[in-house]
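Since chain S is already given, all that's left is putting chain X on it; use the hints.
Keeping their order, the protein sequence lines are chains S and X. Start counting at 1 in the first sequence, then tack on 75, and there's your number in the working numbering. Start counting at 1 in the second sequence, then tack on 22, and there's your number in the working numbering.
Derived from the structure by calculation, the hints contain no laboratory data. Hints may be right or wrong, so weigh each one.
Using C-beta positions, here's what the derived DEER-type ranges look like [claimed, not checked]: (1) S:Ala107 to X:Glu104: 54 to 62 Å; (2) X:Lys111 to S:Ala107: 52 to 60 Å; (3) X:Glu80 to S:Arg94: 34 to 42 Å; (4) X:Asp41 to S:Arg118: 14 to 22 Å; (5) S:Leu174 to X:Gln114: 52 to 60 Å.
Because the structure is a prediction, the values reported are computed rather than measured. C-beta: ideal position from N, C-alpha, C; glycine also.
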Amino acid sequence: MDKAQSTELLFELSQPGRRCHRLPESDVPAPAAAELLPRHQLRSTPLPLPEVAESDVIRHYVNLSTRNMCIDTNFYPLGSCTMKYNPKRHERLAGLPGLANLHPLQTDASVQGMLEILYDMQAYLAEIAGLPMVSLQPAAGAQGELSALLVAAAYFKEKGQKRTKVLIPDSAHGTNPASAVIAGFEVITVKSAAGALVDLNDLKAKLDDQAAVFMITNPNTCGIFEKQILDITRMMHERGALVYLDGANMNAILGKSRPGDFGADMMHYNVHKTFTGPHGAGGPGSGPIAVRDFLGPYLPAPLVAKNSDGSFYLDHDRPKSIGRVRSFFGNVGILLRGYFYLRTLGPQGLTEVSEQAVLNANYLLARLKDVYEVPNGPRCMHEFVASAKYLRRDKKISAMDIGKRLLDYGFHAPTVYFPLTVPEALMIEPTETESKETLDRFAETMIRIQNEDPAMLHQAPHTLPISRPDEVRAAREPILKWTPPQHAS
Amino acid sequence: MQVPEQLRYAPTHEWARQDGDLITIGITQYAVELLTDLVYLDLPSVGEETSQGASFGEIESVKAVSDLYAPVAGQVAEVNQEMASEPAKIAQDPYGSGWLIKIKPAPGATLNHLLTAEQYQQQIAAGH
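The shape of chain S in the complex, shown without the other chains:
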């Protein structure tokens, strides 16, 4: 059935003269385009836009949407991505006309309600972080990292210190070194020791007065809480360096431990992960950052501030700010959803989110640990990493094969081949919003798959419209735009 649904491009469905709507003749005189635009900006041939009926458009998009595997259709244990259920109530609230119909260029006086929400959001994120100053501007986690590193660079520059290095554990998200390089730092990789924790000896050996920032994810990408964190942050501070917390895994520690309390000086949140911004199709994201007081002056401007009369305003008067990192005020629509989530749950509810997320992950780990290798032991935080290393060696079943086969059973694949420190990694994060029945079905499916015929697994998935795309060609020769047939080479 699925395979019979049309997914032709609208361009391919186009028929000359076909229309969704027929408009009456305009009764306003329309000047010719040549009178309005310079000659070099005029096309010589008409733009080949698709000409289609409304039913063509609707079928095209509805059929495409049914091919999407998302949190609204399937369990989605994509490790490090916190694919929790996104309450539909937030959609209704974010769509309220007083919020959805605002224009970012309105005066502060005319958007007091929105500014109050954003002001409170800054305060809530500061409280959860244990770090008092917050910028809501960054549009996603990686931009939060970059913004915070630019804040750090501005801080050291003003202090007259030349610090060129950012230290990053080998289990870090790839965005950490990428952000550090873009911010102009040299990346120094710190090894992991047994148990997936930071190798303190390696850190000591690489730590010098050139170190600007240590970027750490805690719990780390193996789902293990870095229990040496107080030693690490003390070591960095003794050298005058700063500690950055990658907040991708905040879902494990909400209300339990605060990054500011364990020594982090800066962090980002992923509102689209931890606080339920809708998280399909890669975005939109929202990556607010929280920093210590002494870093506050460098944050991206404007911040939302409060007048003595209780009214709110956008504070642009921040002379040491690194400037804007995003147009207007960041992805406000996602921040709103995060705000509704925090207001719905409250401090007690948020704490229970993390307790349930950690419980769910440990339950899955306990059900799978005797069947799959689990290199970091029988306990975890909100996620764990299993390895198909021996399955691959003994039966030629790879992590990729398992991920692809899960699709046949109606589960999204876990994160595979990450972290890089674990061979044939399967990184599993169930989140708090899944029931025991779902976790049981997933565990039983994982156990069944590793007993299936390897040759069959190599061809999986068998039930989806597309099985195994040619990933090499997709990476090397991507087709990124439609070309009219007469122009195709």
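Frame of chain S; chain X shown alone:
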């Protein structure tokens, strides 16, 4: 799994072979299998320095980007441009036409610290 006797190996899955004055470096068949389909290869330029155990380039597969580590210190003397432009070809002959770079070793640099074929066999049999 092919692990030619006459080559020496790094635990990070590079092989090295003394060819006259130069040392030829590539990645092992086991590495190619682990990486799966190769997409991009980033190699140094001729004349760049390598230091033992430091990254001299990157290889990207459909799974991940991995660093390539120099088994010996020296200076890059030749680069296999054919592999750089079509890294998928490495899989066809990783120990032959799929070599990556040739290094003029630094004074005193040898291959003695590297694994023998037998030692490397043991490492990959353990699944590392």
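Hint-by-hint comparison with the structure:
no.: 1; hint: S:Ala107 to X:Glu104: 54 to 62 Å; in the structure: holds (56 Å)
no.: 2; hint: X:Lys111 to S:Ala107: 52 to 60 Å; in the structure: holds (56 Å)
no.: 3; hint: X:Glu80 to S:Arg94: 34 to 42 Å; in the structure: violated (51 Å)
no.: 4; hint: X:Asp41 to S:Arg118: 14 to 22 Å; in the structure: violated (59 Å)
no.: 5; hint: S:Leu174 to X:Gln114: 52 to 60 Å; in the structure: holds (59 Å)
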